[in-house]
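Based on the hints, put chain G in the right spot on chain H.
Protein chains: 2
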Amino acid sequence: MQKLGKQTIKFDNPPTIVDCATIVGPKESNGPLAKYFDKCLEDEMWGEKTWEKAESKIVKETANMVISKSGIPANKIEYCFAGDLLNQCISSSFGLRDLNIPFFGIFGACSTFVEGLSLASILVENGINYVLISASSHFCSSEKQFRFPLELGNQRPPTSQWTVTGSGSSIIAKNGQGPFITSITSGKIVDMGIKDANNMGAAMAPAAHSTLITHFKDTGRSPNYYDAILTGDLGHIGKDILIDLCKNSGYNINSVYNDCGVLIFDKEKQDTHSGGSGCGCCASVFSGYLFKQLKEKKLKRILLIATGALMNSMSSQQGESIPGIAHAISIEI
Amino acid sequence: MQKLGKQTIKFDNPPTIVDCATIVGPKESNGPLAKYFDKCLEDEMWGEKTWEKAESKIVKETANMVISKSGIPANKIEYCFAGDLLNQCISSSFGLRDLNIPFFGIFGACSTFVEGLSLASILVENGINYVLISASSHFCSSEKQFRFPLELGNQRPPTSQWTVTGSGSSIIAKNGQGPFITSITSGKIVDMGIKDANNMGAAMAPAAHSTLITHFKDTGRSPNYYDAILTGDLGHIGKDILIDLCKNSGYNINSVYNDCGVLIFDKEKQDTHSGGSGCGCCASVFSGYLFKQLKEKKLKRILLIATGALMNSMSSQQGESIPGIAHAISIEI
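Residue numbers (our numbering), protein chains in the order written: chain H, 793 to 1125; chain G, 793 to 1125.
Chain H extracted, bound-state conformation:
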């Protein structure tokens, strides 16, 4: 691997994404991408007694599904990277505790999936054969933890995003037919002082902008190198901000750019305001929709930039602003 600029690593032997799996909740199952998901749940509980246990079950079954789809024996998978939004990342540790694979817990809020793919790629580039990546979120467990009890029926402001119920899981490998992870651009923490915990898109857009512009500069690429540039989950408002920020930096991304949080829900019909969010948003949109587009060569070069808001409910109560982060990977076939 070689360093390009200060934040980008280009792989000499780009890791292959062998397979992906995704399981989503009922709201996602009624959205525009429903047909791409491997399994659509009819209810948020999936037979469990709590939302947290349901989320762990989604994580577990998604990981089992990708292992099964890939045809790779579980005991050949050498490492697992996993994370989620719940306190102390319990969806991942409870969901994957039976996996019997060396486990690295990661936390990048909604950037977790791409953080995992990035670190896993470094391992695979350097001799590891198979690595599993998992990320998840659950609307109910997240709302309860970060905002208000669902039973209150609180009104949500128009800037708010809807946490995706779902998990995405991928296996990447040293050898294979692609799609290949050709480079990673890892983000710095960017905090522009946004304090509104109901406007995550605005808080995270500057981090996405920083990583995206750095990626262009480090690689010498321009927006039209890619068939698609996808942010993790800036939602409608953050998407517009990013387009503006890029324009101000001299990059017109309009024609190739979209956002996973915008794609996963129908804004008019699903009442999700600014769009989807959560670790499971980017993970399921990539694992369900984008991976299949790459496999079928409908997309040949994409840049996936997952964004995270590195705060908790207490930090907002203590008057803190919301630091953002964004990790990018380029995937080509």
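Careful, some of the hints might be misleading.
[Unchecked claim] Listed next, the in silico EDC-like pairs over lysine to aspartate or glutamate satisfying Cα-Cα at most 20 Å (straight line):
no., chain 1, residue 1, chain 2, residue 2
1, G, Lys849, H, Asp983
2, G, Lys868, G, Glu853
3, G, Lys987, H, Asp890
4, G, Lys1090, G, Glu1124
5, H, Lys868, G, Asp1010
6, H, Lys798, G, Asp890
7, H, Lys987, G, Asp890
8, G, Lys868, H, Asp1010
9, G, Lys868, G, Asp890
By construction, these hints were calculated from the structure, which means they are not laboratory data.
Chain G only, in chain H's frame:
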């Protein structure tokens, strides 16, 4: 790098630990290792308005201190791995948001520091020059989050451990004089069904045992290869359990084994029951005490096994057991 067995990586060009720094709270400053810490705080708040902000300040100042001690310009440090115990790892993201270094958030509970050293070593082995690692915990913010309001003055059972207030930070590099990280043995999640959140030592000891025995088998080493084998924070009870488990597996570790949670407090005088715990325990005992012992060649070969309990307060309320994990690194000079 080469794989030994299924869980161990041996480095061909072992990364050097360039320098370490540690800042601890008042209780740690009255413990047996006080003279080894870089800065001992007189109060838990350090001039901040909340415990959470104080923890972030400790993280920030410890990272600044290791950068300053190392003499490496901050802009030469290519990546940062950091994590802590607070929900969504806010001590790390708020503490390090001004660092301007590509940032990977990690969560391994009290195993976080060694998880960071492990991943950083893989990057450095493969061409990255400098990586910073940070881990922290704070007694007051942890008690409040995981157990009861401190103001309640709840009695603590004899099996409970005392979360260390402190942060440890290290910089590792491709070239240097050592000590060198020669191998890593990364742990699987091990859950033996322990449900007592006031007995973390018992919950984590089986994970430590699994990683330790795997390390011996993967490397062909025996306990007496090392001058010291240190677990992260099993405390007094977990330490005794690990000795027994190893004995049952045919390994006598008695003469070389100790635990960071046992070393950091004086059991008789400091009323800390089963000893220290928290991400900051292993991080500060290593960065303060062990690193200096290695530098002065009082210890020449150590195995550091940090252990984590991958639960949160809600998982225990929902009747879940406590999954443990343990990551090991061997450090030699």
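Status of the hints after comparison with the structure:
{"no.": "1", "hint": "Lys849/G / Asp983/H", "in the structure": "16 Å, holds"}
{"no.": "2", "hint": "Lys868/G / Glu853/G", "in the structure": "18 Å, holds"}
{"no.": "3", "hint": "Lys987/G / Asp890/H", "in the structure": "17 Å, holds"}
{"no.": "4", "hint": "Lys1090/G / Glu1124/G", "in the structure": "11 Å, holds"}
{"no.": "5", "hint": "Lys868/H / Asp1010/G", "in the structure": "16 Å, holds"}
{"no.": "6", "hint": "Lys798/H / Asp890/G", "in the structure": "17 Å, holds"}
{"no.": "7", "hint": "Lys987/H / Asp890/G", "in the structure": "17 Å, holds"}
{"no.": "8", "hint": "Lys868/G / Asp1010/H", "in the structure": "16 Å, holds"}
{"no.": "9", "hint": "Lys868/G / Asp890/G", "in the structure": "15 Å, holds"}
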